[in-house]
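K.L.:
Listed below are the residues making up each chain.
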Amino acid sequence: MGRYIVSRLLQMIPVVVGVTILVFTIMYFIPGDPVRLMLGAEATPAEIAAAREELGFNDPYLVRLGDFLGGIFLHFDFGDSWVYNTPVTTELLNRLPRTLAIALICIGMQIFIGIPLGVLAAVKQNSWVDRSAMFSALFGISMPNFWIGLMLVLFFSVRLGWLPPFGIGGPKYYILPCLALGLVGIATQARQTRSSMLEVIRSDYITTARAKGMSESRVIFRHALPNALLPVITVIGNGMGMLLAGSVVIESVFAIPGVGMYLVGGINSRDYAIVQSSVIFLAISFALIMLLVDLMYAFIDPRIKARFAGKKRRKKYA
Amino acid sequence: MLNETGEGIAPKIKRQSQFVVVTRRLSKNPLAVAGFIVAVFLAIIAIFAPLIAPYPYDKQDLVHSREAPSREHLFGTDELGRDVFSRIIWGSRFSLSIGVLAVLVGTSIGMLIGALAGYFGNVVDDTLMRLIDILQSIPGILLAIAISVVLGPGFFNSVLALSVGCIPMACRLTRAAVLKVRNEEYIEAAISINASTPRIIFRHVLPNSFAPVLVSATMMIGGIIMAAAMLSFIGLGVQPPIPEWGSMIAGGRSLIRSSPWMVTFPGIFIMLSVLAFNMFGDGLRDALDPKLKE
Amino acid sequence: MSDASGAFLSVRDLVVEYTAEGRVIHAVNGVSFDLERGKTFGLVGETGSGKSTIPKAIMRILPDPPAKIRGGEVYLDGVNLLKLGNKEMRKIRGRRISMIFQDPMTALNPIMRIGEQVAEVIKLHNDISWRGAKEQALKMLETVGIRGDRFNEYPHQFSGGMGQRVVIAMALACSPELLIADEPTSALDVTIQAQVLEMIARLKKGYNTSMIIISHNLGVVAEQCDDLAVIYAGEIVELGSKEAIFDRPTHPYALGLLAAVPTLDDAKERLNRIPGLPPDPTNLPVGCHFGPRCPFANEKCSPEKIALIEFEPGHFCRCTRDFNLEARWPL
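Protein chains in written order, with the numbering used here: chain W, 42 to 359; chain B, 98 to 391; chain Z, 58 to 388.
Hints listed in this document are in silico derivations from the structure and should not be mistaken for laboratory results. One or more of the hints may lead you astray.
[Unchecked claim] Under the rule of at most 16 angstroms between Cα atoms (straight-line distance), these lysine to aspartate or glutamate pairs were calculated in the EDC-like manner:
1. K165/W - D121/Z
2. K148/Z - E240/W
3. K299/Z - D91/Z
4. K144/Z - D121/W
5. K191/Z - E173/Z
[As the list claims (entries may be wrong)] Label pairs and their in silico Cβ distance ranges:
6. G149/W - I144/B: 21 to 31 angstroms
7. D245/W - R330/Z: 45 to 55 angstroms
8. G211/W - L209/B: 52 to 62 angstroms
9. G149/W - K156/B: 25 to 35 angstroms
10. I274/W - K125/Z: 48 to 58 angstroms
11. L209/B - G107/W: 31 to 41 angstroms
12. G263/Z - D230/B: 55 to 65 angstroms
A virtual CB, placed ideally from N, CA and C, is assigned to each residue, including glycine.
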């Protein structure tokens, strides 16, 4: 088991490094002069030239890439913001908890609302429950999350005045953003759980379970659901990626000072150090989450566990 | 079956009837039909925008700015007095075509890479798949943001930025199809002395990979339309005065209290477009599901 | 055929339909047979003949939708199973009647330990603790030849033959009165088949269980069964004791099946087959379903449904021909 964890970790490293290189390379070609931005409008050409040399902007691509990679992976330092000259890393770490909190609440919604909904729809296939749930889910995945956010603000803040439209504070402030961001996740989860359940219910071992004389609810919850949930775990992992990406817009809509808003702020102020680092930061977070998901999968599915059972391999065939 | 030069080819009759079967199944699915109709409707709006829209999309009328929906302005006016209804009609051109173009470009590139990886195998396959893995590890929107930031706002820049996210899926599906056919060819080669030419492979690959790639592409269009709106919303993508639906919502944000129609209507249209493609895509996937062939 | 006799299991005029994409599939069209305690009954037929649907209908584990039992009765010791409530039926499944499935690899829950799967059926029908159930399960597994230390393993760690033993253990754990074996060896290697069949026979004798074996394999049926029925397109076309049917096969389909079995002293070059294909179950021919493929067919075969006639004591056939004439399948 430990072997599997190590091997997955090793597999992940080149991917993470690759992602960093990719984003760095893409953003290498940004037009415009960052040094001028940093020094301000009054800087003289001489000052700019000197600063550029000093900050290493004249170095060749590989040197700059090496510096950047070394900075991130050896010192965990994403560099400094171009506009504010403060370390990006501190900002990212400060803002991460807020972004994570919203993401985790949304995942919770996805699991505790989306999965039961999907199971219900599958068990009562083609009934009105199923059809209405799936139709709503279709709507859910078709609505842009920032628009939902604004509509919710329109309804609950402007018209009804029940909930605050933006900012952070107590739990009240989290309700609308989480609703806006989480709706898509719930809908996707419900759809995916339903199709997974439908496939499992058709299996032979479900017929066996019924032939043993167990109640239908035991058949569903003890035999069908655990098997149906296996592929669902991967969907949850992917969903996390969508949430991280969606947080960029939602934080912007609700003025929540998280990583997403930092990124958008960087775009608007042309501070591409922030943009670059935020994107990489989010991508690495996503990779870590997918790793966790894979590992969970290995823990839960005995077929995978057995493949990495360790050195003493028991004979497979009796 | 053998053709004149003695090469084995798949009988063509099978493919034609598959198309008929799929179409028939699709037509029996009410949601898929509805999705198709709405999509066609939107396409018509986009194509005939100049004839349908009562006003040009950039005609400002500061006297009548921020007016609620009325008979002259079906969806009201925005902060510069432009007619929201007309802007939405014109906007359909941009929003829809970004979606379709980005998916087209991305899928084509993906199919090419997948075919190359599958055909050459070994080192080429490994390297290409590694790159695709890396590409897939970044959530599509973030990638689009990074590329957009470099390229700057604009229609074709957005298409490019969004197309990159469509590459991995098409690539994997095509590669799988190529590998499947390659294995079959090797088995044949062991029995007869048929040299497997690239021609044969690609003649078999296209029918094999067409269906899954088509389904995945259709389902991606909805997501890309939404991603395009998101990009425009945060200031990348397509910017005013071009009436892309996402940027219209961004523009109306600060005025949501006084002029909610500026935000509401563009969003409804985004939702309709995405919904249409999703419904159709769902139906397509169900119609092609081999398990239904009882 | 006599009314619900004193037999242990009595099936009368069973009719089952499947509805798919608006079309009705007539899977079982009026099947009747009796089974006595301790005896083994065989159902022989090809794929699609309805032979797998019958036992599932008896146990009422058909997927509904799309399947529906449209008529008939199934008497177990005088009680009509088809009229029982769900709760009573659940008490019967696994305990009085249980089933062995064709493919052990798909019949077992892949993420549950096999020992637990056996213990589960014991706990369901007996008022004992989970630990007690596990102990009994352990004993049951050892009876079928699976070492106790494999209790906590998963199905994928077993080969086909061993997996089938687990399924057998599950089926016999509560000492059922009736065991239904649906193609119990079709998914197994030939060498393993013999082992599994022998084990089933041994256990069955030990518990005095009645058994129904469904198979398309005449050899399997010949070994194990006391009586058997030949099924075609959802109907029984010939019914009788094993000796009667193998010594004096009467129905043309039965003749064709037996003629198709290759023998070593046959200097033939081609296998004898029954020409044609089984009929479309959504559109069955009127009268005899086998008519279109039957070399003996004549005008008497098509207009109406043909009844099952007892032309010898205990030997029934559904055909219009003169049973006194010896018939051979035209080769």
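K.L.:
Evaluate each hint against the coordinates.
P.N.:
Outcome of the hint check:
1. At most 16 angstroms may separate the alpha-carbon atoms for a hinted pair to count; K165/W and D121/Z meet this at roughly 12 angstroms.
2. Simply put, K148/Z and E240/W have alpha-carbon atoms about 27 angstroms apart, too far for the 16 angstroms limit, and the pair is violated.
3. Between K299/Z and D91/Z the CA atoms are separated by roughly 14 angstroms; this keeps the pair inside 16 angstroms, and the hint holds.
4. Distance restraint check for K144/Z and D121/W: the Cα-Cα separation of roughly 70 angstroms exceeds the 16 angstroms cut-off, and the hinted pair is therefore not satisfied.
5. For the hint pairing K191/Z with E173/Z, the CA-to-CA distance comes to about 7 angstroms; that is within 16 angstroms, so the pair holds.
6. For the hinted restraint 21 to 31 angstroms between G149/W and I144/B, the CB-CB distance of approximately 45 angstroms leaves it violated.
7. For the hinted restraint 45 to 55 angstroms between D245/W and R330/Z, the CB-CB distance of approximately 30 angstroms leaves it violated.
8. A beta carbon spacing of about 53 angstroms between G211/W and L209/B agrees with the range 52 to 62 angstroms that was offered as a hint.
9. Between G149/W and K156/B the C-beta distance comes to about 48 angstroms, which lies outside the given range of 25 to 35 angstroms.
10. Distance hint check for I274/W and K125/Z: the Cβ-Cβ separation is about 37 angstroms, which falls outside the suggested range of 48 to 58 angstroms.
11. In this structure the hint that L209/B and G107/W lie 31 to 41 angstroms apart at CB holds, the actual value being about 32 angstroms.
12. At roughly 58 angstroms, the beta-carbon separation of G263/Z and D230/B lies within the given 55 to 65 angstroms, and the hint holds.
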